[in-house]
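Protein chains: 2
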Amino acid sequence: MTQKITIIGFGTVGQGLCEILAGKKKELLEKYNYRYSIVAVCDPRFGTVYNAAGLDMERVIAELRADQKFTTDRYPWDALETIRNSNADVVCELAFTDLKTGEPAMSHCRTAFETGKHIVTSNKGPAALAYAEMKALAGQHNVDFRIEGTVMSGTPVLNLAEGPLAGCSISAVKGILNGTTNYMLSEMEQGLDYTAALEKAQSLGYAEADPTGDVEGYDARAKVTILANVVLGEKLSIDAVDCTGITALTAADIMAAKAENTRWKLIGSITRSKEGLTAYVRPERVPLTHPLAGIMGATNALTLTTDLLGDVTIVGAGAGKTETGFSILSDLLAIHRTETILPDNRL
Amino acid sequence: MTQKITIIGFGTVGQGLCEILAGKKKELLEKYNYRYSIVAVCDPRFGTVYNAAGLDMERVIAELRADQKFTTDRYPWDALETIRNSNADVVCELAFTDLKTGEPAMSHCRTAFETGKHIVTSNKGPAALAYAEMKALAGQHNVDFRIEGTVMSGTPVLNLAEGPLAGCSISAVKGILNGTTNYMLSEMEQGLDYTAALEKAQSLGYAEADPTGDVEGYDARAKVTILANVVLGEKLSIDAVDCTGITALTAADIMAAKAENTRWKLIGSITRSKEGLTAYVRPERVPLTHPLAGIMGATNALTLTTDLLGDVTIVGAGAGKTETGFSILSDLLAIHRTETILPDNRL
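Taken in order, these protein sequences are the chains called A and B. If you count the first sequence from 1, position 252 lands on 252 in the working numbering, and the numbers rise without skipping. If you count the second sequence from 1, position 334 lands on 334 in the working numbering, and the numbers rise without skipping.
If you are wondering where the hints come from, they were derived from the structure by calculation, not from laboratory data. Please read all numbers here as calculations on a predicted model, not as lab measurements. Any given hint might turn out to be false.
Copies of one chain are not kept apart here, so a pair can be met inside one copy or by any two copies together.
[Unchecked claim] With a Cα cut of at most 20 Å, we get these calculated PhoX-like pairs of lysine-lysine: (1) K4 - K26; (2) K31 - K135; (3) K235 - K274; (4) K25 - K4; (5) K235 - K31; (6) K26 - K135; (7) K100 - K235; (8) K258 - K26; (9) K4 - K31; (10) K69 - K26; (11) K135 - K235; (12) K235 - K4; (13) K321 - K25; (14) K135 - K258; (15) K25 - K135; (16) K274 - K321.
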């Protein structure tokens, strides 16, 4: 069965996903018996293209490069109409993240579920603000809500907990969940002051023009909320996560920590104990002997505390076009696996 | 459907598995809709017990503690007869590892496959010596050969590559795969000489009375072979892996490395390049800034180099009764998932 895909939001991640899918078409078929067809792409900047039999994505991208808009197979649909009217099995929701309202992503997800389509998304909005609602609505319509890319891009965290760690009970997670601030702290240890470190992060594309979401810890707070809901199975609201960013840290603070064999890291943490749930994002001085102290630059890391395995730590990329594109592929393949395992076994 | 299990070899891992299954019975049913029944246990020291409707494991273990043998439901079967005659869906092969012949585990696996039973094992013999044969034979009989516990105990490596990392191409793996030697090297850095470090590892149960398999690197070499076959998809024979252990390392070597901000680690490595495959186990001086340098004590770590995600590192336990017991549970749940996904989705 060919998996039919609609892409909502054709920015870095959407284009990265298409490059990966095109480059791996043969490999994915041979290794996983995975066939896909992109039937619709919708972006407010470029318009909407749709072809129930599958778009010619090479042409779509060539026309986009030439004219900054979609041309052939063009339809006058907005995002919700595209989700509703397309014959997709899966909607890849790759529009921008809004952590205040969750929109427009939340409406995209609801419309997909209500019309019987899976959602795969790296958008933190719906998962951080309304995980329980999204999961329940998907369940009612017998489809999936997959969000690997919302935490540590494609580095497996949510799919690790769901699959290979199934059977373990996870009572705590703690880690470095924002690459931009970790990069800035690494640079400040090399002698840059806060402003210079931020400017360098912006020049490399790690930080946005308005860096508030990263440096105030809001991005990490959204990820902490998602981890609490998905990995620890708690109903934690984003407002219940204490949050302090790195804006008050000075070069002098960084150097003082270094002199005492410690290192400032922006830590996201959730702990379940008899007293209840503790969740926070804040800068902490980590001893240099601690595994998280060695995570430098834009790399992310997360330690999961389990009942049967003790601590398990995963370290990897936290962002990037290909890395986040892979998170989407990873979830598309997970949907494909659950839908094809029995027929394969029957052969 | 209840998963019916036969356990071959009732030592630390088998008993650890039974404790986990008993303790988590309700949780596994509620979270994963997983029901199990242990129908047979066979151990050359204790005899064989079998009950097609499921053994009363509490009684089996109580009788074993009292008399050092199995009593109720006793059958005069050896391991092969138990595998053949029992009505199990899955055989957990937990007999001792023999890296020269692979026996008796290899015969256990073959018999299970030929009688239509899945194998779940933490035994490195069959996987390190005959992975391709085992995988092919399992495939012919439409059953699974699952071996998560052969590398880093229950810390997900093989299931990580198979599941959450599916879609990535893995070109290299490098890590610390033997906890005993890593513990000894950590102790030597604290001032113990080689002999004292070995004695301490033996007193803690990390090293066996005959420590050859650990200190000569043979255990790590078997794991490198398994990783090459499973994770890199190469047909690598164990004899093709260059292998040097830690027996020549002196306290002076350890201190000399430390003085130069490096640390000796017993490294297992496989790299695929245009020139072919390079696989080895050997002590290397790792810079203290390298992520593997911070892995101390009996902990293991593995870095997987991928095309889409860059390097992904997983750190966790490399051995232990509960940790290896969990590796078996993890594979039992994986079999359960593939067999029940479609019926669940149909509800």
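Going down the list of hints, with the structure as the test:
no. : hint        : verdict
1   : K4 - K26    : within (17 Å within a copy, 38 Å between copies)
2   : K31 - K135  : between (30 Å within a copy, 15 Å between copies)
3   : K235 - K274 : within (16 Å within a copy, 50 Å between copies)
4   : K25 - K4    : within (14 Å within a copy, 39 Å between copies)
5   : K235 - K31  : between (38 Å within a copy, 16 Å between copies)
6   : K26 - K135  : neither (33 Å within a copy, 23 Å between copies)
7   : K100 - K235 : within (18 Å within a copy, 52 Å between copies)
8   : K258 - K26  : neither (50 Å within a copy, 48 Å between copies)
9   : K4 - K31    : within (19 Å within a copy, 30 Å between copies)
10  : K69 - K26   : neither (29 Å within a copy, 55 Å between copies)
11  : K135 - K235 : within (12 Å within a copy, 42 Å between copies)
12  : K235 - K4   : neither (32 Å within a copy, 35 Å between copies)
13  : K321 - K25  : within (18 Å within a copy, 42 Å between copies)
14  : K135 - K258 : neither (44 Å within a copy, 51 Å between copies)
15  : K25 - K135  : neither (30 Å within a copy, 26 Å between copies)
16  : K274 - K321 : neither (41 Å within a copy, 26 Å between copies)
Checked against the numbered hints above, the structure violates hints 6, 8, 10, 12, 14, 15 and 16; every other hint is satisfied.
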